[in-house]
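There are 2 protein chains.
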Amino acid sequence: MGKGEETRERVAAQAAALFNVHGYAGTSMSAIMEATGLEKGGIYRHFASKEQLALAAFDYAASQVRRRFAEGLAGKAHAADRLVAFLEVFRGYARRPPLHGGCPVLNTAVESDDTNPLLRARAGAVIEEWRALIESTVRDGIARHEIRPEVDGARLALFLIATMEGAVMLTRLLGDPAPLEYAYEHLRQHIESAVRQPALDAPGG
Amino acid sequence: MGKGEETRERVAAQAAALFNVHGYAGTSMSAIMEATGLEKGGIYRHFASKEQLALAAFDYAASQVRRRFAEGLAGKAHAADRLVAFLEVFRGYARRPPLHGGCPVLNTAVESDDTNPLLRARAGAVIEEWRALIESTVRDGIARHEIRPEVDGARLALFLIATMEGAVMLTRLLGDPAPLEYAYEHLRQHIESAVRQPALDAPGG
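For the record, the sequence lines run as chains A and B.
Residues 1 to 205, numbered by the numbering used here, are exactly what the first sequence covers, in order.
Residues 206 to 410, numbered by the numbering used here, are exactly what the second sequence covers, in order.
Hints were generated in silico from the structure; no laboratory data involved.
Where a beta carbon is used, it is the ideal one built from N, C-alpha and C, also for glycine.
Any given hint could turn out to be false.
Using 30 Å as the maximum straight-line C-alpha spacing, the simulated DSSO-like pairs for lysine-lysine come out as follows [to be verified]:
| id | chain 1 | residue 1 | chain 2 | residue 2 |
| --- | --- | --- | --- | --- |
| 1 | B | K255 | B | K208 |
| 2 | A | K40 | A | K50 |
| 3 | A | K40 | A | K3 |
| 4 | B | K245 | B | K208 |
| 5 | B | K255 | A | K40 |
| 6 | B | K255 | B | K245 |
| 7 | B | K245 | A | K50 |
| 8 | B | K208 | A | K50 |
| 9 | A | K50 | A | K3 |
Chain B is faced by these chain A residues, among others (derived, beta-carbon under 10 Å) [unchecked claim]:
| id | residue |
| --- | --- |
| 10 | V21 |
| 11 | D81 |
| 12 | D113 |
| 13 | F159 |
| 14 | A167 |
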């Protein structure tokens with residue numbers, strides 16, 4: 001990575017933290033200048049506009065989110081265990097969000113839905129990645145007799161994502177981990193009782 | 206209502222619509238002047254600051270939300286039917302949100318959680334109202350043998366609110382009513398199968 005590219009990456013990361021706390025509209029260029037220690041011209045040398053910086057910052061934030069999910073799912077082979085691991089990543093946001101300010105997908109989705117089509121598309125793309133991950137996990141799990149054949153992966157995906165993101169919102173709003181704990185516990189039980197295929201050849205079965 | 210009070214109410218309502226679409230930080234005083242047809246001095250005659258206007262606007266938005274829930278629950282006597290009606294109100298947000306721009310409680314919660322303690326407290330108070338409504342519905346329902354005695358009203362409340370608010374976020378982000386439909390359907394089935402007390406004296410029972 002050249003020095004210019006390094007600076008670009010650093011500015012995107014520092015801006016991502018500001019945007020995730022204060023919102024895109026709530027973060028001024030002067031706040032970004034202060035956080036990065038760069039003059040306005042120095043920032044505009046790397047990004048054509050605040051909008052371009054916002055997109056690069058979201059890409060950085062999304063990479064942090066992706067890393068969390070990759071770490072959480074690493075080593076989980078059974079499809080039902082992978083679904084529970086997906087929930088556990090969100091549960092961990094109560095103590096340690098992927099970025100200061102909470103979930104950048106939730107924050108960006110809510111701010112951009114009516115106002116910023118490019119950011120909205122970026123947030124939507126992460127949701128689509130999660131949806132594809134859960135759908136393929138369910139599809140492969142059905143093929144391997146790990147998931148009950150009647151499970152609808154598309155429905156399950158949206159239900160899991162909605163519940164955990166809503167719980168992130170409540171946990172941050174109320175300053176209380178209970179919403180994330182309850183959501184996790186309910187969905188985990190749902191996966192164990194209605195999604196995981198009971199083993200046919202269990203000892204004594 | 207005097208003329209001054211009428212103007213104050215109208216400005217709060219018009220500002221609420223702008224804030225709910227663009228966010229508090231994303232709404233300039235000049236946008237509010239344009240929407241209300243008032244000069245800056247005319248707005249500041251009624252509100253000491255943009256912050257005061259934001260609080261009054263949230264109070265207006267919350268009153269619209271409260272009206273939706275009051276309408277949705279009107280005439281529902283059975284505790285389990287009241288819980289389903291609570292979900293139906295959120296489900297209706299897909300076609301007709303209480304305010305242009307979606308759910309003002311979700312939007313305000315996400316924008317204010319790190320940055321604006323007064324707005325955050327206002328959004329938190331609506332969540333507490335919903336939580337108290339569901340808890341008392343469950344408590345009364347258990348006493349009247351309409352709800353299973355093992356149901357934990359506090360847990361159920363946070364789970365229902367998290368899921369439906371997360372589904373509102375997804376439905377708006379993706380421009381697709383499916384997340385709200387799936388969330389509603391899953392939670393309704395949960396209420397019917399695990400929350401509603403089966404009638405003991407059903408015909409043939």
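Checklist entry - Which of the numbered hints above does this structure break? => result 8, 11
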